[in-house]
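On the provided structure of chain A, position chain B as indicated by the hints.
Protein chains: 2
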Amino acid sequence: MPNIVVQKFGGTSLSDTDRFKAVAKIIKDTSEKGKKVVAVVSAMAGETQRLIDLAKEVQEIPDPREYDALISSGEQVSVALLAMTLRNEKVNSKSYTAFQLGLRTDDYHGKARINSIDTKNILKDISADITPVITGFQGINEEGDITTLGRGGSDTSAVALAVALGAEECQIYTDVDGVYTTDPNVYEKAKKIDKLTFEEMLELSSLGAKVLQIRSVEFASKYNMPIRVKSSFTNNEGTLINGEENMEDALISGVTHTSDDAKLTIRKVPDIPGIAAKILDPISSQGIEVDIIIQNVSEDKTTDFTFTVKREKSQETKNILSNLSKEFGGGEIELNEDISKVSLVGVGMKSHAGVAATMFKTLADKNINIEMISTSEIKISVVVKEDLAHEAVKSLHDAFNLEK
Amino acid sequence: MPNIVVQKFGGTSLSDTDRFKAVAKIIKDTSEKGKKVVAVVSAMAGETQRLIDLAKEVQEIPDPREYDALISSGEQVSVALLAMTLRNEKVNSKSYTAFQLGLRTDDYHGKARINSIDTKNILKDISADITPVITGFQGINEEGDITTLGRGGSDTSAVALAVALGAEECQIYTDVDGVYTTDPNVYEKAKKIDKLTFEEMLELSSLGAKVLQIRSVEFASKYNMPIRVKSSFTNNEGTLINGEENMEDALISGVTHTSDDAKLTIRKVPDIPGIAAKILDPISSQGIEVDIIIQNVSEDKTTDFTFTVKREKSQETKNILSNLSKEFGGGEIELNEDISKVSLVGVGMKSHAGVAATMFKTLADKNINIEMISTSEIKISVVVKEDLAHEAVKSLHDAFNLEK
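As you go down the protein sequences, you meet chains A and B in turn.
Yeah, the first sequence ends on 404 if you go by our numbering, and it's all consecutive.
Yeah, the second sequence ends on 404 if you go by our numbering, and it's all consecutive.
Because identical chains cannot be distinguished in the list, a pair is counted as satisfied if it fits within a single copy or across any two copies.
List time: in silico DSSO-like cross-link candidates among lysine-lysine, alpha-carbon distance up to 27 angstroms:
(1) 25 to 56
(2) 56 to 210
(3) 56 to 28
(4) 191 to 210
The hints are simulated quantities; they were obtained by calculation from the structure and are not laboratory data.
Bound conformation, chain A alone (with noise of 0.2 angstroms):
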C-alpha cells in the first residue's frame, strides 16, 4: 500500500522508558499525518550484550541455535513495551514476534537470511487502524527453531518487511541524523548528507556502518526501496538512500578510513599465468576477505603481489602465505599493519575527470604517501600509513568542499 511507512528504532532509541515514550510520540505523529505506521524495534540498549555475557559465562563455545534463542528474547521485551506505550497514548497497537508473524528463514542460526514473510496479519492490523510493532532481527525456521539475522539485522528485517508491505519508505530510527560526508569526530566540518544513491552508501559503508547494517541497504536496492535514516532524538530530515541519481548530485558525497585493515606482501613468487588465484583461493576458502590486490609487473619472472585483509585476520593469512612461498619458492612474507584505507566516494565522479588527480595532488602536497590505490566507478581508495589517516581525511574534505 502506497502510505505505509516502515519505522525501524534501534536500541539507543529504546534505552529506557522515557526513550520509548519519545518513540511512541514519533510513531503517533506519523500516523496523524495519514502514513500507516509498521514499527520494527531492536532490544533496549545493553540488553543483548548483557544477554551475550550470560551466554559466555554457560558455555564455552555456545550452541547456535540456544544462542539464538536467547539472545533474541531481548527483542521481545521491546516489542510488548511499545506496544503498551503506544495503547497509553490513545494509538492502538499490537506487538508480533518473529513466529507470530511468521518471519521465515533459512537454517543459518546468527546470519539467518530471510526466506518469506507472512503479512496477512499486519495488513489486517492496518486495515483495522492497528499499528504492529515488530521484532527486528529473529525469524524462525522450518522447524520453528528461533534464528537472528546477524548484527544489526534489524534493520535487514524493516527493510525486508517494507518491501513484502510494498512501503512507501522504510525509516532507519538511530541516535545520530544521517549520513556524515566523514566521521565527525575524525572533522568537526563533517556534514550530514542529504541523499545518497545505494550504491554510494555502500561504498561508504565505513561510515554507514554504524548507523545501518549494509546487508539492509544492499537488500534495498535489490528491491529499490527508499532508506531514510534518522535521529530519534530529533526527528530531523535525515539522509535519504534511493536509485535515483540525477545532474545534481554531489561530485563527492563522502570521505571514509579505516583502522582496521592490515597489507601483505609475497615477494617474488613466479609471475606465471594463474599464479594470483593460486595465492588467493587457500586464503578465501578460509573465510578471510581479500579487499584491494595489487600485482606488479615483473621483468625477471617473479613478481611482487600485495593486498588487504581485516587486521584480526592478518597473522592467519600470513600463515597460509608463508606454506605457500615455500611451496612454489617464493620470496618472504611481509606483513604492515600500520595502515588505513582512505577512500573518496561519489556517483558525480563517474562524469567528472580529474578526480583522482586532485585526490593524488591534495595528499602529495600534506607529504602523505601513497602505498597503494584502488578504483572503482563511484569510489577512489588509496591506503597510506594508520597515523596519517586522519589528516588525509581532513585534506580531501577541505579539498572538495564537503562542508558545503
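Relative to the frame of chain A, chain B by itself:
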C-alpha cells in the same frame, strides 16, 4: 513413560549462572541414575519483577495481551541458558518455549488455564537422549498470542507436563528443603514434613504457598501425580505430596497462621430464611472471597452475622454491608483487622477424637481467647487476636509434638 521425572526450577534456583550450573548438575545426576529428565524453568530471580516495573512505567493499566508477551520473555532466557549450561556439561539438551512446544491455553491473560500440551517433540527428544528444557508460566492461545498462568504458574506447567507425559514424579525445586510443620521464622522448632497428602497440602496452603502454587496441587490431586518439593541448594529428600493415606500418618501435619485476614460483623439483621445468601451474594459478585462464616442463633428474630475476608478487601466489603444494612433495616457494621486465623491440619485427625478439645484447652491455658471456630475433616481453624497468633502456633506445635 514410567521413568520420566519432571524437574521444575524456580527463580531462586536460577539467580545467576553459578546457580544454572548447580541446576545442570542436579539434572545430570538424575539422568545418570537412569531417569529421563524433563526440565521446566521460571525466569531468573528478579527478572519478572524487572519487567513488571518496566510495564508500569509505560502504561497505567497494562494491556493484558502485551503484558503477557512482556513478562513471559524471562522464561525464554532461562530455557536457552539452561540448555547451554547442560550442553557444556555434555548433556544433550534443547529448549522450548510454549509456542515451540505447543502448550495451548484458554484466552484468560494473566491467569490462563492449560488446555493441551503437544508431547510429540519431548518424547522424540527423550528417545534420542536429549533433555528438553521448557518454559514454565507461559502458553499460547488459539490466536497464537502468548498467555501466562499467574504468579507461580510454572509449578502448574510442570505438573501438567508430568501428567501429559505420564511421569513418575513431578519435582518442584525451590530454595527451601520442603514443607514445614509451621513457619520456621515463627517457631524455630518447625520441622520439615516428609510426606503429605494432597488434601493436607491444600489445607496447609498458607504454609505451602511459599513453596509451590496451590493450583498445581489441585491439578496434581486431580490426576494423582506425586509432587516432591525439594531444595536445589541441598538436594535433600524434601517433602513428598501424593494421594496415599496410611495408618502411620501423623495425627497433625502442621500448624499455620495468617496475617492478612479481617473480620466483619453485621448486627441485628432479620433472621429470615435466605438472609445469608442475601448478605453474601453482593460480596462474592464483587470477586471477594469469604472464608470463615458464623451466624448466631437469635431470640429476637434478629441475628448477628460474622465472617472473614482478606484484609485488602475489608473496606470494600464494609461499604457493601453498610448499604445492605440500610436496605434490611439492620444494625451497625463492625470491622476488626486485628485478627489471625490459626489452623491445625492433618489427615490423622479424621480417625482421632479429641484434637479440637486439646487445641481449645492448649489455647485456654495460654489465655488466648478464641473469637471464631471453623472445622473440616482434616482442619480446625480458630480466629484469635493477631498479636497472640505466634504464641498460639508455638503452643499448638508443642502440644501436638510436631517437632518430633
